[in-house]
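Take the given structure of chain R and dock chain Y with the ligands to it, following the hints.
In order, the protein sequences belong to chains R and Y. Using my numbering, read the first sequence as starting at 1 and increasing by one per residue. Using my numbering, read the second sequence as starting at 1 and increasing by one per residue.
Simulated from the structure, these hints should not be mistaken for lab results. Since the structure is predicted, the reported quantities are computational estimates derived from the model, not experimental observations. Careful: at least some of the hints might be erroneous.
Partial list, derived from the structure: chain Y residues whose beta carbon lies under 7 Å from chain R [unchecked claim]: (1) Leu18; (2) Leu19; (3) Leu50; (4) Ala212; (5) His219; (6) Gly220; (7) Ile238.
If you anchor each label on the Cβ, the simulated ranges turn out as follows [to be verified]: (8) Y:Ser188 / R:Gly52: 22 to 28 Å; (9) R:Pro137 / Y:Glu83: 32 to 38 Å; (10) R:Glu10 / Y:Ile28: 18 to 24 Å; (11) R:Pro109 / Y:Gln4: 39 to 45 Å; (12) Y:Ala44 / R:Leu151: 45 to 51 Å; (13) Y:Glu89 / R:Ala100: 30 to 36 Å; (14) Y:Arg119 / R:Gly149: 54 to 60 Å; (15) R:Ile183 / Y:Arg231: 20 to 26 Å; (16) R:Gly149 / Y:Ile28: 28 to 34 Å; (17) R:Gln266 / Y:Val247: 47 to 53 Å; (18) Y:Val247 / R:Thr82: 55 to 61 Å; (19) R:Glu10 / Y:Asp152: 33 to 39 Å.
Where is the CB? At the ideal position from N, CA and C, for every residue including glycine.
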Amino acid sequence: MPAAGTLGREAFGEVKGVYGAILPKTVTPKPRAGNPPPRLAEAPAGIINSIGLQNPGIERFLEDLDDYDIGLPIIVSVAGDTVAEFAELCARLAGESRVAAVELNLSCPNTERGGTTFCARAETISEVVAACRTALPDKPLFAKLANEGALNNALASEEAGADALTLINTISALAVDPHTRRIFLKGGLSGPAIKPVALRAVYEVSRVVSVPVIGCGGVTSGTDAVAFMLAGASAVQVGSGGFVREPGEILEEFAVYLRDNELKAQNLTSALRSRDESQEAMLY
Amino acid sequence: MRLQRAEILSRERFGNHLLLRYRWNGCIPQPGQFVMVRTRSFAAALDPFLCRPFFVHDYDGESAALLVEIRGRGTSLLAGEEEEVVVSEPLGRGFDIGNGPVALVGGGVWVSPLKLLSRRLAGRGIPHELYLEIPSTAPEAYGDVISRIFPDADLVPTDDPERAPEKLLARVGDLSRYSAVCASGPLSTLAAVKRAACEQVCVQLAVRERMACANGSCHGCAVPVWDGGGRTYARACISGPVFLAEVLAW
Ligand SMILES: Cc1cc2nc3c(=O)[nH]c(=O)nc-3n(C[C@H](O)[C@H](O)[C@H](O)COP(=O)(O)OP(=O)(O)OC[C@H]3O[C@@H](n4cnc5c(N)ncnc54)[C@H](O)[C@@H]3O)c2cc1C
Ligand SMILES: Cc1cc2nc3c(=O)[nH]c(=O)nc-3n(C[C@H](O)[C@H](O)[C@H](O)COP(=O)(O)O)c2cc1C
Ligand code: FES
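Looking at chain R on its own, in the form it has when it is part of the complex (with noise of 0.2 Å):
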């Protein structure tokens, strides 16, 4: 499935018949016009953005709702300034027979907190998770945690009643202009520069949580999403990939590896070998 805020609606041609779910960006209370330009720079194996969630707000979006019905089920990320908000976007959605499910974005700035962000704290994961649990009883709901505190993160949020993990978010990251001697963009980093940091966080929490884990961070190619699946992660989530090659040739080159080494995708969860196992493989 797409990664929040990576596939656009004119885009759907690209993924028809290649993904599994359609998520599409993260939908906040207000609309919200987003950050002035530049939103992006180039980072080695990645890009920086700082888009600012633009997006219509919950209203607009649900009026919309029929556009992004492709055949397949609709996860809808969202994203609160407060614990409140959070639990008011996941009511709205709970009686909403077309939306299959809901990722919540911890990754954004909690206003009653300082503008420091939800996964900053694992007490505050627990208290958006349970709020959002109780608003929404009916439907899968996710938890899309960052980089930072991801184990406590996670076990926060299993305990809090989240269905599902997804790891990561984007990492904070900046872009220096030597020439202009300028801050260029603060923004976070997504691509494979980030993959072997996101591979280490669905490793992690995949071993100690009970619910399946959703790995997102730099996956280009189908053996990024064996690598992923490998590590733990029960589905993935492809981002930039998504901008710099097509989806349908990420998800060929995945059944091919299937193919070739006779594996099952709902086995790849588990077919983790030890590192023995492994080396031994590789003298004979």
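Below, chain Y with the ligands without anything else, positioned relative to chain R:
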């Protein structure tokens, strides 16, 4: 992003500019549209990570051309030795061609899309005039290539970058002589054309912003616009790169 391989037919290097021609039998490009492009090796390695956007400079039915100013790694790789590029279909919204007469105004490497535009206008017998700024600081090779590519253009030499747009517009004269003005140049030129715009004339500006997906997905290429009285951001890759001057909230 959907990309396809295309054979490079020729590279002509003029100082730090490159005219790159590749075989193209996909969708016919409209003047003002752009493509996302990279060389094959950088496509395989995803290094640099993003594709580079360029206006379609010219198209003759079999090949398309890009006019590239070499700046960083992506453009240096395009100027290298590789025999193929990986390129998207022509993207975005280009110039809207009315019945003329049309003034084409530009400067810098941004004059690129005006070539295809003037070819299309000429093909349809629509009267048009070209006004291109040549800064005195530009390398000699640049002036030579521009006068070769645009033999009919009125080339306007400028010395002081701050006063260049004013000088260029003085040469264009009364805009109301035209039914449309199509501009692609430095931001200061675009801003000056926008200020000079009058009601009867359809003024269209080709703008640029950094791009990642080029298909409307990432919201990275935001351009401030007026929408229903309020200021908002449009995506240059799908709502532009050519915008009506009155829509831009500059
Ligand atoms: C719609 C559009 C049309 C364009 N048409 C032309 C053209 O016809 N001829 C031409 O020479 N240039 C054109 N550009 C600018 C061109 O895309 C950049 O010069 C080029 O991407 C620089 O790449 P680089 O790797 O050499 O530079 P680097 O500085 O290494 O690039 C780093 C990153 O910044 C981006 N970037 C750098 N400069 C610009 C810029 N001025 N505009 C947008 N992104 C930038 C790159 O795409 C890349 O993602 C156009 C840009 C846009 C958005
Ligand atoms: C342009 C852009 C916009 C994004 N917007 C959102 C968003 O609205 N909500 C969200 O939870 N994550 C957002 N993300 C983060 C991605 O969903 C993803 O977690 C991150 O990019 C790492 O994955 P990747 O390396 O595959 O891109 C965005 C990322 C990018 C590059
Ligand atoms: S470049 Fe991604 S929306 Fe325009």
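Results for each hint:
Checking Leu18 (chain Y) against chain R by beta carbon gives a least distance of about 20 Å; that is not within 7 Å, so the hint is violated. Among the interface hints, the one on Leu19 (chain Y) is violated; its C-beta lies about 25 Å from the nearest C-beta in chain R, farther than the 7 Å criterion. Given the 7 Å rule on beta carbons, the hint for Leu50 (chain Y) holds: about 5 Å separates it from the nearest Cβ of chain R. Annotation: interface hint on Ala212 (chain Y) holds; nearest CB of chain R at approximately 5 Å, less than 7 Å.
With 7 Å as the threshold, the beta carbon of His219 (chain Y) comes within range of chain R, its nearest partner Cβ sitting at about 5 Å, so the hint holds. Restraint check, Gly220 (chain Y) versus chain R: the minimum CB separation of about 4 Å is within 7 Å; hint holds. Interface hint at Ile238 (chain Y): satisfied, since its Cβ lies 6 Å from the closest Cβ of chain R, which is below the 7 Å cut-off. Under the hint 22 to 28 Å, the C-beta atoms of Ser188 (chain Y) and Gly52 (chain R), about 27 Å apart, fit the expected range.
A hinted range of 32 to 38 Å for the beta carbons of Pro137 (chain R) and Glu83 (chain Y) is inconsistent with their spacing of about 60 Å. Between Glu10 (chain R) and Ile28 (chain Y) the Cβ separation comes to about 20 Å, which falls inside the hinted range of 18 to 24 Å. Our hint of 39 to 45 Å for Pro109 (chain R) and Gln4 (chain Y) holds, since their Cβ atoms are close to 41 Å apart. Distance hint for Ala44 (chain Y) and Leu151 (chain R): a CB-CB separation of about 36 Å, inconsistent with the stated range 45 to 51 Å.
Taking the beta carbon of each, Glu89 (chain Y) and Ala100 (chain R) are about 32 Å apart, inside 30 to 36 Å as hinted. Under the hint 54 to 60 Å, the C-beta atoms of Arg119 (chain Y) and Gly149 (chain R), about 58 Å apart, fit the expected range. Range check, Ile183 (chain R) to Arg231 (chain Y): about 24 Å between beta-carbon atoms, so the 20 to 26 Å window is met. Between Gly149 (chain R) and Ile28 (chain Y) the C-beta distance comes to about 53 Å, which lies outside the given range of 28 to 34 Å.
Our hint of 47 to 53 Å for Gln266 (chain R) and Val247 (chain Y) holds, since their Cβ atoms are close to 50 Å apart. The given range of 55 to 61 Å is broken by Val247 (chain Y) and Thr82 (chain R), whose C-beta atoms sit roughly 35 Å from each other. For Glu10 (chain R) and Asp152 (chain Y), the hinted distance range of 33 to 39 Å is satisfied, since their beta carbons lie about 37 Å from each other.
In this structure, the hints that do not hold are numbers 1, 2, 9, 12, 16 and 18, in rising order.
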